[in-house]
Amino acid sequence: MLQVTNLVKNFSQPDGGSLKVLDIPNLSIEEGEQLALIGQSGGGKTTLLHLIAGLLTPDEGSIRINGTNLTRLSEQGRDRFRAGTIGYVFQTFNLLPAFTALENVRLGMTFGSGKAEGDRARDLLSRVGLAERANYRPSQLSVGQQQRVAIARSLAGSPRVLLADEPTANVDPVSAENVLNLICDTCREEKVAMLMVTHDLQIASRFQRVEKLSDLNQVGSSTNDS
Amino acid sequence: MTLIQIAWRNFCHRSLSSILTTLSLSLGVGLVVLVLSIYGVINEAFTRNASVGYNLVVGPKGSPLQLTLNSVFYLSQPIENLPYTEYMEFLPEAERQAIVSRFGGDSELGKRGGRYAPFIGDGFVIPLALGDYFGEFRVVGTTPLFFEKLRHGPTLEQKFTFSEGRAFLDFSEQHSYFEAVVGSRVAKEMNVGIGDEFFPTHGDPTGHGHDLGFTIVGIMDPTGTPNDRAAFVNLEGFYLMDGHAKPLEDETSQSNEELADIKSSEDVGERLAQRDDYRLLSIPAREVTSILIRTGDIMFAPGLQNTINEGIRSQAAAPVGEINKLMALIVGPLKNAILIITLITCFVAAVGILVAIYNSMNDRKRDIAVMRALGARRVTVTTIIIYESLLVAVIGALVGWILAHAAVSAYSGQIEDQTGVQVGFFTTSGNEIWILPLVILLALIAALLPAWSAYRTDVGSNLSA
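Here the protein sequences come in this chain order: D and R.
Each number in the working numbering comes from the position in the first sequence (counting from 1) with 84 added on.
Each number in the working numbering comes from the position in the second sequence (counting from 1) with 158 added on.
If you are wondering where the hints come from, they were derived from the structure by calculation, not from laboratory data.
Some clues are possibly wrong.
[Claimed, not checked] Here are some chain D residues pointing at chain R (derived, C-beta under 8 Å):
(1) ASN178
(2) ALA182
(3) PHE183
(4) THR194
A quick note: this is a predicted structure, and the numbers were derived from the prediction, not measured.
Just so you know, even glycine gets a beta-carbon here, dropped at the ideal spot from N, CA and C.
Make a model of the complete structure from these sequences and hints.
This is the structure in structure tokens:
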């Protein structure tokens with residue numbers, strides 16, 4: 085499903101030089117597989133997710149998702165591919181404040197198929213237990229509820245790969261447990277491959293497959309996340 | 159969700175900023191629409207007032223615009239007077255003969271047709287004598303032909319009608335030559351009615367009052383023309399007032415005191431009728447201020463105008479042409495100047511849109527990055543920003559248009575009273591059709607910078623921020 089090969093990412097420095105932050109020879113995830121990738125803050129976890137999502141382009145290597153080499157696509161092609169294939173859950177939820185919970189979920193579909201299917205959006209909100217709060221704005225929801233809306237939104241476009249960037253970092257332990265169960269169960273039901281990055285070993289222990297970024301990345305841990 | 163819905167959500171989310179920006183634009187648009195509407199009203203008022211059923215106005219040599227203003231609009235001062243014989247040049251031999259017989263004068267005048275009479279055919283010639291006032295309103299000495307022949311209205315088919323009374327007669331048993339008809343506005347503002355008598359003042363509204371008064375026998379219905387603000391008196395009565403006869407060495411005119419005495423007597427009609435042949439001014443003592451002319455065949459009007467203007471004594475002006483020149487030379491540039499100022503207001507409002515949206519971009523970079531992460535392309539987020547600007551433009555333009563037309567509509571009664579032009583909420587000027595495209599263009603230009611900023615928003619750094 086997801087195959088990362090010889091992935092290298094450098095960031096330019098103010099002094100004109102470049103800093104290599106990622107050098108991953110190989111990383112693969114099968115369909116429906118759930119992988120926890122643990123690493124220290126600033127270790128390049130978010131950069132790796134941005135690369136896989138096509139938000140950043142690697143300097144070397146390839147990223148194949150469902151047979152499509154993301155690195156060969158134009159920016160517009162990556163946008164289209166991301167909208168239809170990849171779901172993204174952010175650490176800080178990133179719900180759009182101008183939109184209700186239902187509209188935030190629909191936005192996840194708008195940019196993909198161009199059709200905002202109200203039934204699926206409501207169904208997803210029901211599955212995350214927020215059917216009654218569909219018309220609430222993010223500011224009217226608790227932190228845990230906001231993260232659940234973000235999860236529903238990430239799945240709105242029926243993605244094949246879900247990227248989750250420390251989704252439990254900003255919620256209390258009880259909510260974290262709920263959020264984690266929700267993501268894992270939903271991905272399992274929808275047979276979505278999931279890559280979750282976290283620095284929380286307790287969270288990672290819930291996954292059948294756990295990888296350390298430091299083991300995958302051949303660059304030293306002194307790099308800065310960006 | 160469509161992109162326009164997303165833009166609308168953003169518009170609503172920043173409600174205060176959006177409303178203020180939209181309001182500033184709507185005020186600019188409203189000013190533009192008001193200027194266009196007012197110009198439209200002025201233009202129509204002048205044009206329809208200049209089209210009161212005659213082709214030409216003839217007066218002494220001088221400014222044709224001044225002639226038009228004083229004889230058609232009853233504004234400005236008369237240039238001078240024309241001899242009555244000049245008026246007679248428009249009449250056929252039979253009418254000239256009758257005039258000579260009635261008023262007295264050179265008998266040779268009645269032995270030929272008027273020089274310009276062939277141009278008139280089935281048309282009409284109406285003399286006007288100006289110079290007196292009733293309050294602030296002009297007194298117009300004329301003949302009953304004025305009410306018989308002139309038409310008004312959009313198609314020039316409406317006869318003058320009277321809310322009360324009738325047109326004055328050439329001579330009446332009851333009031334002799336001293337009957338008057340007043341326009342609707344004169345009756346309203348001077349608070350006069352049928353049977354009331356007024357004494358014109360000479361030369362200006364505060365001039366000395368004549369001893370002879372005129373009895374009002376008719377009040378005209380509103381026409382939306384300058385005739386609403388004029389008092390019409392019998393030309394013969396006008397001539398009989400002191401100072402209105404051209405001084406002649408060999409002519410002995412009856413004193414005003416004697417005429418006043420006759421008029422106040424109970425058998426005024428009989429006494430004046432008996433004295434008609436010699437009491438009325440003779441032709442040499444008569445003058446007219448101007449002459450309203452309609453040629454029987456409109457094709458003859460330019461030829462008549464040229465022939466008159468080639469002469470040394472009088473000039474002929476086409477009122478519609480003079481008013482069009484006035485509009486083009488003075489009112490038009492004035493309108494353009496005001497229009498430019500109001501367009502600058504719109505431009506400033508457009509800059510307001512730019513500033514408002516651009517300032518919001520810093521707060522929204524994260525939102526844009528999130529939309530990009532959800533699959534929105536650069537052009538998609540750029541389009542959303544442009545739509546937001548267009549929403550401000552369209553709403554602002556509509557609100558501005560509605561405000562301006564509501565204002566015009568609210569004052570429609572006063573406008574009709576003052577100008578005779580009927581305006582309603584949906585009365586539009588032709589140029590208004592350009593306002594929305596212009597505002598949209600301004601909004602698009604204003605949106606370029608914020609849209610470019612949205613286009614260049616870096617997703618990675620803003621998601622990680």
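Here is what the structure says about each hint:
At its closest, the beta carbon of ASN178/D sits 4 Å from a beta carbon of chain R; the interface hint therefore holds under the 8 Å criterion. Of the supplied interface hints, the one on ALA182/D holds, with its beta-carbon coming within about 3 Å of a beta-carbon of chain R, less than 8 Å. Residue-level restraint check for PHE183/D holds (minimum Cβ-Cβ distance to chain R is 6 Å; threshold 8 Å). Satisfaction of the interface hint for THR194/D is found here, the shortest Cβ-Cβ separation to chain R being roughly 5 Å, below the 8 Å cut-off.
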